[in-house]
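There are 2 protein chains.
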Amino acid sequence: MKMSQLFTKTLREAPADEVAKNAQLLIRAGFVYKEMAGVYAYLPLGIRVIDKIKQIVREEMNAIDSNELVMTSLQRRDVWEKTGRWDEKTVDVWFKSALQDGTEVGFGWSHEEPIVEMMQQYIKSYKDLPVSLYQFQTKMRNELRAKSGIMRGREFVMKDMYSFHATKEDLEAYYNRSIDAYMQVFKRLGIGEDTYVTFASGGAFTKFSHEFQTICDAGEDIIYLHRGKNIAVNEEVLDDAVKELGISREELEPVKTAESGNIFNFGTQKTDEMGLYYTDRDGKRQSIYLGSYGIGITRAMGVIVEKFADDRGLVWPEAVAPFRVHMVSIGDVASEAQALYDELHAKGIEVLWDDRDERAGAKFADADLIGIPHRVVVSEKHIKEQVYEYKKRTETDAQILTHDQLFAML
Amino acid sequence: MKMSQLFTKTLREAPADEVAKNAQLLIRAGFVYKEMAGVYAYLPLGIRVIDKIKQIVREEMNAIDSNELVMTSLQRRDVWEKTGRWDEKTVDVWFKSALQDGTEVGFGWSHEEPIVEMMQQYIKSYKDLPVSLYQFQTKMRNELRAKSGIMRGREFVMKDMYSFHATKEDLEAYYNRSIDAYMQVFKRLGIGEDTYVTFASGGAFTKFSHEFQTICDAGEDIIYLHRGKNIAVNEEVLDDAVKELGISREELEPVKTAESGNIFNFGTQKTDEMGLYYTDRDGKRQSIYLGSYGIGITRAMGVIVEKFADDRGLVWPEAVAPFRVHMVSIGDVASEAQALYDELHAKGIEVLWDDRDERAGAKFADADLIGIPHRVVVSEKHIKEQVYEYKKRTETDAQILTHDQLFAML
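Protein sequences, first through last, are from chains A and B. Heads up: the first sequence begins at 1 in the working numbering, then just goes up one per residue. Heads up: the second sequence begins at 1001 in the working numbering, then just goes up one per residue.
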């Protein structure tokens, strides 16, 4: 895409009230716009990143036989009253409003209760199990404070998945498959090496749930890491976990992390509460086992920003970068730049061409701020010798490459 | 996709309180689930249709140089107060709530004001114009009644586009390009022949706005059609239009229609009200011309259902069908069915394979209800002779085709 046709604009400064590094950089680089604290619009560059993250998540959820749907944001009071979670003393992040006839409605901060309610229509017998469903949903959470940029918003995009099973064993097997799928997601997003499956507090049915915690200075959590055994434990269950897992407190190293995902085994608690059952082969009514699995999509984008950005701007891993190549043309090289642009396109390489009438320094500064992995300069100086200046975003020095060397590099 | 792996279930009956034909059929066929009146979840089959409609719209908006972004649902009071539209006496479809500190927020029923406000950050000089932006957004409208299924929801998906221009002429030229783009969208959706660019009431700057009205018995509008001159007029501006266009009232035929899209020339009214200006080449402050362009995505899906469905169920036009081929296997033909399924896949043809252990009659009834354009039956009876039973959804009688004839047909 030509930058002259892309709606984006780098800004010298982020809004004064924006304290999170991720949002400051994303606003300055033209990826997001701040509507209010914790509420961000996604501009064309931002959407490209979000769509890539979503697609990676989608492929991995499809690979474990989950089906994509989309639930509603508007939710019913009676559905949430079945588990006592309509009450604002229990759930303190509700946004609520009312229909014109006075009927109260809530805006979805989670979809566990609504999907269990919906399944009353689709799960009748053992033949309907197991089933796994996921969605990308804009969640609304009325957070008291919203100071973490897109890492914890009042409006944000989440992938939430729910699986329903006839037996405890079937749920546990699926739960373990989902752990592998999640780790595959984080690996593909470029944060796999720093993301740990972490023991966290469970519920009525299981001692532990699992979080996926990514080492990140901007994170809000502390986990305790046993690097040798690759075990990670959330602070909240430290005592229990140490006992259970046969590790000693002293071997554990505290690290600051951001929660990139979490999964939860509800057992039959929620389905029982809501009256969702199935009929087995013998015609007997049986409880249904429920698992719940979340990944914050916009949050993952924020974690990636926080982890990789440097003092010059954003640094995107290849898999989620808005474009693969940032081509900068300098001087009177329109036809040569067009030729390279066309050739990159023909090879299926996504390229952003800075064709603006700006000085080289400003273009380079913007390229660093935007953070696309590969920068290629087409300049009057070099084009006579049929060479290009090439620089990786993560490196400081550029190299001079011939046409063939350049394409070998990309 | 194999139906045994698809989350869907046809239902014998729609909920008793559902009065709209489109929602009744979509619920029975397993495309949508009703959360409450005017609020529907989209199941996997439904998402496939929505995504196809979106992709067609996306391609046509990109073709007129518009850029995709996504605004926020949570909106600020101060932004809407600038035009007086925060007031519920002016806008009667607001859902409102409040942050924990008491700050009122609204849920986006439209995004005109928020996008004009946002552009304060991005439009400074004549160099920043023209610019066109669009989004697919889940809109919230607190409709008093919601009896039209997905054709008029309280929560629905809309494509809304906004264009900003330095001059009246530039806006008018873009407005006309958008008319062509919209007609191209409706043509590709399969409703082009029955969709009319219709004169409707304008505003401070223009006598008329334009609606795209699709002939549809379930529609809520009446337009007056001059078939000879291909002119359509909304009832509300009939007298004005008759005068202006030099047609006589008697030549016009009243037809029931559904509004599939609308476009509006705001002139500089809204941008002036909100204080959005640009600086021209001479450094002078100038007003900005704004156009606004909407297509209801879920509404379009509803219109398509209403127009084409028959007494056996849904009938999807090729371009938006969830799958192209509905393959039904009957009896002990697993390997032959698998071979055909693989071959269709290899040719890039999307196929839904009803591999369920059900009797043929039930499978055929479901195929008709779901409405995929081409049905292919692999049965014990015919497979010995290496032929397939083929039926178009729109036809009643099946034909017997050889392998080559079948692929020639698809």
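Quick caveat, the hints were computed from the structure, so don't treat them as lab data. You may find that some hints are simply not true.
Claimed, not checked - Residues from chain A that face chain B, not an exhaustive set, calculated with beta carbons under 7 Å:
#, residue
1, I47
2, V70
3, M71
4, A146
As the list claims (entries may be wrong) - Subject to a maximum C-alpha distance of 25 Å in a straight line, what follows is the list of computed BS3-like cross-link-like pairs (lysine-lysine):
#, chain 1, residue 1, chain 2, residue 2
5, A, K256, A, K147
6, B, K1347, A, K2
7, B, K1381, B, K1391
8, A, K392, A, K2
9, A, K54, B, K1002
10, B, K1124, A, K96
Note that beta-carbon positions come from the ideal geometry of N, C-alpha and C, so glycine has one too.
Against the structure, the hints:
1. I47: holds, 6 Å
2. V70: Given a least distance of 5 Å, the restraint on A:V70 holds.
3. M71: Hint holds; A:M71 Cβ to chain B Cβ min 5 Å, cut 7 Å.
4. A146: Violated, because the Cβ-Cβ distance from A:A146 to chain B comes to roughly 9 Å (cut-off 7 Å).
5. A:K256 x A:K147: Answer holds: A:K256 to A:K147 is near 17 Å, not above 25 Å.
6. B:K1347 x A:K2: Distance ~34 Å between B:K1347 and A:K2 Cα, so the pair is violated.
7. B:K1381 x B:K1391: holds, 16 Å
8. A:K392 x A:K2: holds, 20 Å
9. A:K54 x B:K1002: holds, 24 Å
10. B:K1124 x A:K96: Answer violated: B:K1124 to A:K96 is near 38 Å, above 25 Å.
Consistency note: the structure conflicts with the earlier hints numbered 4, 6 and 10.
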